[in-house]
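Q: Using the supplied hints, reconstruct the complex from the two chains, each of which is provided in its own coordinate frame.
As you go down the protein sequences, you meet chains A and B in turn.
For the first sequence, this note's numbering assigns the number 1 to the initial residue and increments by one for each residue that follows.
For the second sequence, this note's numbering assigns the number 1 to the initial residue and increments by one for each residue that follows.
Rather than coming from a laboratory, the hints here were simulated on the basis of the structure.
Hints are supplied without guarantee of correctness; some may be wrong.
Claimed, not checked - Just the calculated beta-carbon pair ranges, DEER-fashion:
hint : chain 1 : residue 1 : chain 2 : residue 2 : range
1    : B       : Gly201    : A       : Val72     : 57 to 63 Å
2    : B       : Lys184    : A       : Glu84     : 23 to 29 Å
3    : A       : Glu75     : B       : Thr307    : 42 to 48 Å
What the hints assert, rightly or not - Where chain B lies over chain A, by a calculated footprint (3+ residues, C-beta under 8 Å):
hint : region
4    : 10-17
5    : 31-38
6    : 44-58
Think of the CB as a built atom: it goes at the ideal place given N, C-alpha and C, for glycine as much as any other residue.
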Amino acid sequence: MIPTTVIGSFPVRLDGGRYAQAYFDGGAADAPSESLRLAVEAQVEAGVDIVSDGQTRGDFVRIFAASFRGVVMQERPVVVGELEYAGSRIAADQEAARSLLPKGVMLKGIVTGPYTLAKASENRHYRSVEDLAYAYAVGLAKEAEALGDVVDYVQVDEPFYSVEYPEYGRMLLDEVLSGVDCPTMLHVCGDVSGIFERLVEYDVDFLEHEFAANPKLWDTVGDVDFKQTLGVGVVRSDENKAETVKEIEGRMMTALSRKDAGRLMFNPDCGLRNLDPEVAMAKLRNMVAARDALK
Amino acid sequence: MYSFMKEQAVVELGGVRFGGQPGENPTVLFGTVFYGRDFRELNDEAYGRARRLIQDQEDVSRETGVPGLLDVYIKSDSHIKRIVDTVLDSTDGPFSIDSSDPGTRAGTIRYLSEVGGLDRTVYNSVNLGLTAEELDALRRHTPAAAVVLAYNPRDMSVDGRADILDTGAGMVCVPGKGLLDVVKDAGIGKILLDTGATPFGSMSAETLRAIPVFKGRYGLPSGCSIHNTLESWAWMKDLRRKDEVAYNCADAAANSLVPIVGGDFIVYGPVSACRRVFPSVAFADKLVAEGARDYFGVKVSKDHPYTRLI
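Isolated chain B (complex conformation) (with noise of 0.2 Å):
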């Protein structure tokens, strides 16, 4: 269990609150949408199938007071329309958008400035493969927050991570600029921080033991998405195929160990699994909150897990 020294800054979207030292506020979880095996085909069929699993994770997350929102994945820009579309139509809440491609990152915003909607979007993420045409982009059509990734490539340790925030590592389109001064300066306000998952033997325990460092140092809501090392183990992928049942027991597992270690946010894979991850972090948070009240003296919210599920 940890308490921060350092002030810990707490974000708030759309009545959602990140961050606060462990134990204040329960785990936000990120579910994403639109992306993995069921997603392959955007027809019909899939978007009804998006909007039945954007209405389960905002059940199981009322159920168990744990926050969820929706990380919407978009693959390319043919399909920014449609998708943001479906999701302005099917939830009130805040949603992150998400894609591996800069120019469909930025087209997003885009859009999103179009047809309203950019005070509930959080740009997941800003990291090292951020474009001039991207930059641009943000800075005209600001989103209300941003997930910053600390993936550094040349050093993966816990230093090497907080450099690419900090400097840029000599990776980022804006010379000797960190992304946390490149956010900043595209005029973001809200910041959270994304370790970066990595996989074994790439320095995988950096992942989760950067949360707290990150926490201490600059006092921003922290987390990762820890199932990408899960799923990139390949003693795990075999399992997967025999055993469905054991994989999702890990998937619960390896979620709720982020707010063990002070972790606010978890981008815990596709939504589909919200009905197994809900609970297992609901677990942790009322765990954390427990000790942190205790022993810390710290004032748990309202709707907390640890109030709520007796």
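Pulled out of the complex, with its shape left as it was, chain A reads as follows (with noise of 0.2 Å):
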């Protein structure tokens, strides 16, 4: 069976009140374990095969820069000195994630890439971009490292290579796996068909892309040989607006028109924050359904 996963974010939604109530009232309410719980199960509900902790606890730019020293949290984040990682934030969230999976559910930790992150930020101790985007890719490895322990697969998102590509992008990602045993994965999204044939060497199991918003992306990796397994984005993250199961199915026929099924996976195009979490609700349980109606 092909397997189903997901890019990253989840929405969800908590009941304001009780929280508003919390507060007036002087007492602990623990919004982050409820977010990351409802993400979870909402995950799992859908029949995801492969789930993530949904990113629920922010931006995915500020969560990873802001576990280094030497970064001062503006509008974005500032780079002022030398980048030591200052310890994971998210490590235990995985962990909380899977205590809530049930049997047979596997779970992906995600980190932000070093080019992002590096890209996102105000440089103003650096000399270059290069040298920014590799030491953030040090610490980097040292929180995939961490997450590794904790989770079957590990990510790397990196959406900035289909804007502006680095030369050197491959170097940062071995560094950031440097010191991971389990499989890997790669997500760039976007229009990635002018860089696919440079991605498709990097040292990663899964290569995931966005093919529900680009299908013309087909015309480049369809003609590619390559030993990952390709993460096919078969609903789009872009649209409010949930698709059929017909509609994906028709996408995921063409997935396997043109690469063996022992070779895919299925996602949606990106991370689904940007969604209300009915519809990305039901964009997951449409494309478990189109993929279950695949057998």
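A: Written out as structure tokens, the structure is:
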């Protein structure tokens, strides 16, 4: 059976009234834990095979940039000194997510890539973006290693690669994943047709890309030989409307016409955090139903 | 000392001015009445005490030049009429209505629309507990101003606090809308931002750091109730039992931090603290105004403690 997964973020809605009351009463209320629980439970309920913690703790840049000494968090992270990794902010979340999973459901841990962090930061210390990205990569390697001890897969997100590909991109990823023993994934959203032949050279087990919004990507990917399993985006993450099972099945059939089933995985194009929770849930449910209909 | 590139709105309500560049206007102090151990039982004696405290805050405000507002706490619907009638009878100035219960907040503005007074009402607060009933009441019986509470239990960083204002952070009853848009859509034109004091261990420092960030980002009057951080501190609670004077000093000092970081208003706790808080904040206001005038060329308002208290 072709596995299904998510790219990372999942939206959740909490009961603001309950948290407001706890605030006024001076009581404790653990909204981050409830957010994580709701996100994980939703993915499990939808039937996804490899779930994430939902990345409910915050923005995918800030959560990692804030883990470094040498960064001052302003509207964007400002790098003012030598970067030093200060410890994982999300490893405990992975353990919490793991405790919620029924048998057979697997967990992926996600790290935002060093190039994306470097481009999202204001650099006031390093000589170049490359130097900054490498400094981030050294710290992120510790983060990835910590996650790798808890999860079944470690995924690196480098959305910036499709905007501006760095020639040293592979070196960065090798550094980040240097201490990871479990299978690894690279997610790059956007149009990767211009760089796909470079990405297949990476030492990762899965490549995950945006095919639902960019079906023309098949023109490139279909003709390239590569060793990795391909994570095919089969639902859009930029439209707040769930696709039908039939529509998704059509996208899956296109994938199967181009690649062997054993080398495929299905996922949304990107994280779902900007969608209504009900829509995000419907997308995941329909994705799983479409995959099941293929059997 | 701060000065902001972003234009700073000045909100005026019943002659009280909130906001502007630091040093331009004195900090507005909200003293809470009908709340706390002195008001556990709302009997005739309590109402008499409230009237005396209301007068006391007006007196110390007049003496110092630091504006005072009553923050009128209403525990439940059954108290709305008598409390509101007492306040309307005791002060001609603006006041805020405050309750942890959204139904009571809504009921209070409904009552104020009947008896008059919405034009001097600050609604404290629009927060993540907003209900559809409350929103409907705000649209029908719109108060002159509202405090918007930037408390976000999912993320207590400054970014998280801003997120509840901008997007609702997945917790506001109008999906996809932040509290700022909700308030504007309800027709409330005068907005004060409360950064949402949190206790130690819950990114408490972000309560103060959010003030200059919010002023820089939104240009709106910003403040907080930092005394809540102090009051929730276990060590301080213990000290208070042993040494009330030491606690009172710490309370006055805590409140005076707000103008130092650029804050425009403070919900400073029980109005009975006015005699210690007003002088302390007057000192901070004078310091900030002197710096703002000398360094940034800010024009200090007349009646500011800077000019009045020599």
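Q: Hints first: check each against the structure and report whether it holds.
A: So, going through the hints one by one against the coordinates:
no. : hint                           : verdict
1   : B:Gly201 / A:Val72: 57 to 63 Å : violated, 22 Å
2   : B:Lys184 / A:Glu84: 23 to 29 Å : violated, 43 Å
3   : A:Glu75 / B:Thr307: 42 to 48 Å : violated, 36 Å
4   : 10-17                          : holds (count 7)
5   : 31-38                          : holds (count 3)
6   : 44-58                          : holds (count 3)
Hints 1, 2, 3, counting from the list given before, are not met by this structure.
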